[in-house]
Each structure stands twice: as structure tokens, then as C-alpha cells.
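Participant: Put chain B on the given structure of chain A with help from the hints.
Protein sequences, first through last, are from chains A and B. Just so we're aligned: 99 in this note's numbering is position 99 of the first sequence, and the numbers increase by one with no gaps anywhere. Just so we're aligned: 1100 in this note's numbering is position 100 of the second sequence, and the numbers increase by one with no gaps anywhere.
Among the clues, some could well be false.
As the list claims (entries may be wrong) - Label pairs and their computed distance ranges (CB to CB):
#1 A/K40 with B/G1124: 37 to 43 Å
#2 A/D25 with B/A1139: 37 to 43 Å
#3 B/S1151 with A/R36: 45 to 51 Å
#4 B/G1048 with A/Q41: 49 to 55 Å
#5 A/K40 with B/Q1141: 54 to 60 Å
#6 B/E1024 with A/S88: 44 to 50 Å
No lab work stands behind these hints: they were computed from the structure. Note that CB positions come from ideal geometry on N, CA and C, so glycine has one too.
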Amino acid sequence: MRHRVLIAALALTTLGVGAALADDDCEAPMADWQPRDAVKQMAESKGWTVRRIKIDDGCYEITGRDAKGDDIEAKVHPATLAIVEMESEGGDDDDDEDDDEDGDEDGNAGNSSLVAPDSQSAAPLTSPAPRNPLLNGNSPPSAVVQ
Amino acid sequence: MTKFAAALALVAALGLPALAEAREVTFTTKLKQYGGPGAYIALYVTDGNGQYQGTLWMAGGKSKYYRHLGDWKRATQGDLREIDGITGASVGSGRTLTVKLDLADALIDAGYQIRIDAAVENMGDSPGEIVAPLTSSAAGQPVAGRGYVESFSYSM
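The shape of chain A in the complex, shown without the other chains (with noise of 0.2 Å):
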């Protein structure tokens, strides 16, 4: 009876784990993984310049720079190469390399994966003057950090 309770708890668990894992962005059998190779060769006909690829949350991860020279950060499905997610920071010259696997680019491993690398700045962030129906166009936002 133990042993049904304990087989039980197991499936329970196991079954909470892959519930969790149903949140990651790319779900792929490793069959239907693409090669690295492919990835590159995807990236650079699109003009983008290879920094470097990863894996995370089970989708391929390149950084690199765009046609236009501004950093890029794509997340692209391990089967099919599609672009799952792109980030694009123009005029970002911070590095992006990220190689304590906790998936940002603070260099701490573990608890920092939120922080920008400019967080702890006080320089004004000025951005382009979004579409945004609750702003006036003309003018666009400004932050500071203090």
C-alpha cells in the first residue's frame, strides 16, 4: 500500500515537472534538432553576424548583430529554425555574452537574471516616440535610474 502511495507521489510529481516544462518556448524531439550549422547558415542569410548560439528554454538562442548593426538577441525553434522570440537593442555595445547559464548577461551566476546591464546607471534612457495612444507622439518618454 506504501509502495501505491509512494508510485502515486511520483506521478504526481513527475507530472507536475512536465507541466512546468510545458511553459518552455520550443518543444522539440532532440530527432528533430537542426544542427548548429543550420542555425548559422539561417542567421547569416538574413544578414545577421553570429556572436554566438546557445540553447535555452529549449529553443537555439543567437546573439549577434542585424544588417543594420544593432544587437539582436533571437530565440528560434530547434526544428523548424523559426524565430520563436527577437529582441533588438540598437546601439547596444555592451557585450551580451552570457556564460553563467542563469540566462542573462549580468555575469553572476544564480539570482541576477533580471537586472539589466544598465541598471545601475543614472544616464537619461530616451526612446524613439512610440504609437501609443496614450502619449503624445511628439515627444517621446524619458527614465532615469538614481
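Facilitator: Structure of chain B alone, referenced to chain A:
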């Protein structure tokens, strides 16, 4: 001269109402010394029923973490077009984020609310950190957050 006067009248007719439709508002969010990494903060507007109207600022640059801003994520489905051009760095412990923008006049004293969702890695998410009325009488009145925000206020 007549043409000049006509042009001037046209500029006044077209330009002045546009200026009158927006008001410069400064939102100040001071964080507690919570002793963790930088906080992601979404500053956005809802109507009186909590219906999402739009985002004013997103502090935190990595979109993969926006899902931790739960109410904002639910309202926007995480659509990055909502924050196109209005993102900046995350805000460190004990620091103050000051956002200055020209807000549509129609949102002020019209039953709208300003809201903040906040999240810190490994320290938990705080949706609905701040819910404050967007009114000229509430301007300048500091509001305490329920998690990471020590005080929030705006001036106009």
C-alpha cells in the same frame, strides 16, 4: 503678409489643440531596499474596471521575463508592440525610477487608474504592486506598494 498670417492661423488652429491634449506627467517610483537584483516594472493604465488601456513604461530589457509581470502579461498577452520604444533598464534595490512623458489629457480625471506590476528574480512576482487613481487631486500623493515599491507618486 496675408499668406503669412493665414499660415500662422493654420498653425495655431492645428497645433494648439494638439498641445492642449497632452499634459507632462512625471511618475516617480522609489523601491525598497529589498536586497535583491534589479526589479522589472511595468507602468500601465487601466480604466476603472481594470480594463487595460496601454503601457507607459517597461523597466527591464529581456522580454522573456515579462511573463513575471502577471497582470500586465494577461492584459497584453505579452505583445511586445505594446512597449515599442518605451522600455529601459530594470531598477535596482533602493533606487528610484523617474519616468517623464506627455500623457493624453483625456486620461486624467476620467476614472482611469495607473498600475504597476513588479518582479524580482528569485524573490517573487508582485502584480498589482500599485493601483492608484489618475486624477489631478491624487497627483503628489505618495502611495505605498505592497511588495517592492516604497512609494509611488506622480506630478503634473
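Participant: None of the hints should be skipped; say for each whether it holds.
Facilitator: Consistency of the hints with the structure:
Distance hint check: the CB atoms of A/K40 and B/G1124 are about 38 Å apart, consistent with the given range 37 to 43 Å. The given range of 37 to 43 Å is respected by A/D25 and B/A1139, whose C-beta atoms sit roughly 41 Å from each other. For B/S1151 and A/R36, the hinted distance range of 45 to 51 Å is satisfied, since their beta carbons lie about 49 Å from each other. Taken as a hint, the range 49 to 55 Å holds for the pair B/G1048 and A/Q41, whose Cβ atoms sit roughly 53 Å apart.
Between A/K40 and B/Q1141 the Cβ separation comes to about 55 Å, which falls inside the hinted range of 54 to 60 Å. The supplied range of 44 to 50 Å is broken by B/E1024 and A/S88, whose beta-carbon atoms lie about 29 Å from each other.
Hint violations for this structure: number 6 only, all remaining hints satisfied.
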